[in-house]
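Which chain is which? The protein sequence lines are A and B, in order.
Quick note on the working numbering: the first sequence kicks off at 1 and runs consecutively.
Quick note on the working numbering: the second sequence kicks off at 1001 and runs consecutively.
For the record, the hints were derived by calculation from the structure and aren't laboratory data.
Note that this is a predicted model, so its numbers are computed, not measured.
Each residue gets a CB set at the ideal place from its N, CA and C atoms; glycine is no exception.
Among these hints, one or two may not hold up.
Which chain B residues face chain A? A few, computed with CB under 8 Å, are given here [stated by the list, open to error]:
hint: 1; residue: Val1062
hint: 2; residue: Ser1219
hint: 3; residue: Asn1330
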Amino acid sequence: MSEKAPMKITSNKRPVFWAWIAVAPLLVFLGVLFFFPVLSLLGISFGEDQLTFEHYLRIGEVPIYRRVLLNTFVISALVTLLCVIVSYPVAYLLATVSPKVRKILFIVVLLPFWTSALVRTTAWIILLQRKGVLNDLLTGAGLIDEPIAFVYNLSGVLIGMTHVLMPFVVLPLFAAFINIDRTLIEAAEGLGAGPYSIGRRVIMPLTAPGVIAGATIVFLNSIGYYITPALMGGPGQTMIAMLIADNINRDLNWSLAAALSVVLLLCTVAIFVVFQRVFGLERLLTGSASRGSTAKFSIGNNGRTGGGWLTFACGVAVLIFLIAPILIVFPMSLGSSPFLSFPPESYSLRWFHNLFEEAKWMRGVFNSLQAAAVAVSFSVVLGTLAAIGTMRLGRRMRPWLETVFILPMVIPVIILSVGLFYMLAPLGVIGNPATLGLAHSVLAVPYVFITVRASLVGFDRNLELAALNLGASWPVMFRRIMLPAIMPGVAAGAVFAFIQSFDDVVLALFLTNIRSRTLPRVMFEGMVHEIDPTIIAASAMIIMLTLTLLAINLILSRRQS
Amino acid sequence: MKTIKTMLLAGAFAAGALAAQAEEMVFASWGGSYQEAISKAWLQPFSEETGIDIIEDTEPEVARIKAMVETNSLEWDVVTGGGSTLMRGVAYDLFEPITEEMVDQSHVIEGAKNEYGVPSEIFSTVIGYSKEAFPDGGPQTFADFWDVEKFPGKRALPDRAATVLEAALLADGVAPTDIYKVLDTEEGFQRALDKVSSLREHVAVWWSSGAQPVQALGSGEVVMALGWNGRFQAGMDEGLDIEMSWAESIAQVGYFMIPRGAPNREQAIKFLNYMVQPEAQSRFSEYVAYGPVTDKAWEFIDDERKARLPSTPERLENAIFMDIAWWADNATSASEKYTQMLQK
């Protein structure tokens, strides 16, 4: 024993060393581009010239801040809950259809992201307002007498936010679904379990890591929302990010904005700790992995069960909800009036004409793609490495690192934007698309980290050890064993990273200039006064391009097979 | 080695000489039809007349101006903003004072003048209403706007306190000259808040973007709204069935400022002088329905266009100017109380 002990230590220490090597790049990256700029700005919450607590006292004394914090967390929790509920049938649907149909459904799930927040909310308002499409349908069918107020209240906020945040649950949940070992379900069926108990006792626990990863993303993301609640909610749904952005942008009350951000951060971390204590986040994430499934999840030999069909129907309904506002974008983009209505009273190509006439739109698309390319590559590499490294570190270290890597989601983007500007402007790199791409990587990296981390939970370490023992080098093992296993997580992370970059307005506002404006920034110009329907044409264009690419892909794959 | 250095130096001199020849100026405003109007009315003709190249940028958020000024990375020579942007910037010493020697503003309307900015246009917060809902004449005064018996139906109000509190006090019978005296007292402020609160259940849309009230009127979501005259006018011009009341209005002023450390300060001053001249002032309203800041501009404007503009002497007689100094002092606490009132 006494001889073996030192051996054991060395064999244990080397992986830890390599784990730190894997984690280090992201730590350094976030240290420079996130913690330094953000902490220097948050520091002014204690006064710009001398130490003062007046801003914290103000937040404690003036009731509106407590109320708005409460609004923020209640709305975020409700949105998270809704996202989880509606994502289950969709993920089930995705997991049980043919690969070709799945490809189409994936695009449908991700389509909301392909439009700007402004376009999405505009489309929803057209659908849901008092004299909107839905109310017309309901009153026309005699189901209701008086139109229902769907928007400009809580339901408006919930619909708008669930719509755009849902894909963050669907993707990891789908990854969890296809990893479920078919034999487990067959065994349960063989033992007499009905669809309900299979759902509750097999599917739910096995998909828990995916759901928790998705729900975490949705909850943290919701906290920072302000465009959707401002446009689709009422004053009762004021969220904290709105007050922070107002204090930064409009009132120049940066100390108060910083203090609000600190309070928000502390509350979020506190909620997390409680959540972890009560629900045992760590146990859920690590305890219930399916070990290297031998049979992929699919419908059983007898076809769908009753519960299966019900879930199927719910999934289709949710997909309709997802694409409804996207579909009306097309006719709206052909309307001739700048004051949008549906269906348009007269048609014209006015907005498409604008789109091609003005160079700023196409240049915006190009700049956006450049920034996104940088953001996706940096965040995927750094996030994946860090996720693998974190898994190898001890239980005590892990929660700290996880918190550090997730923090960029919690800090309002406006704080990061201003902090980065002060750091980067003296270096003369503002206006370079690569700078914006790096800043976007900061936003994107938590998504990659969370999704890869969740997929690693399902990865059987014995496979890794077996490969290494059989003489494979670590890179070979990684490429041939680990990467294929965690690929769905990496891919979901990459998609999320792209979306973060492609949808960002706030960082772009501070870090681009007239030559490097991205598409979302061009779209937001002038929105103080008006909504330029050209943005609807631009969205319609992007959707059509995506669909064309999909069609080409489908035709090519059909030829190959 | 030496030759290379000489060549480089020569090149640098040549580039410098070129730059000196082609004067330029960077102008930043808020995009959309507003900036397009500025470009057509002022930027393009000024550039043609003087040979100064103008580069147009957008979104000059006061936060960005502050960050640029403080990091010595200012790209803008002229920025535009409303009164609150101006006053916030002044508090942080972001804008150059505009003296009489720099820009002659003796002909400018008194209520529009400011030490740190040159006024560019006057716009008003007015009542817009649906003609379909009120075929026999809609609400005229702010008291009418608050009168839900005589003028039933849903309303739209700004989700910010500015202009709403003023309108509420006018509706409550406070004399136009006393508005800010009343708001300055705690009871007076509460009186304004209570007045807004009393209308709350009749407000369907609390708008945050200028496009919303017009959209809401056009779609029938509301039957009347407080909003900017230029936006209502744009809706009417596109054929929406709406109308504005000029019986009472709250006038606001747009300003052009020179941020401290502007790289092309001389050109910026030239431009501001150009823009504030009566003839140039009269041109802006050809493109958007915002009024000139000098009475001398009216001789260049025909009656048809005059009917669309908020700053005619007759209309200003029924208007109060928003007191931007009062709002600068009270912005944070007023917005805290206003938002709190809306929560209940």
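A quick look at each hint next to the structure:
| no. | hint | in the structure |
| --- | --- | --- |
| 1 | Val1062 | holds (6 Å) |
| 2 | Ser1219 | holds (6 Å) |
| 3 | Asn1330 | violated (11 Å) |
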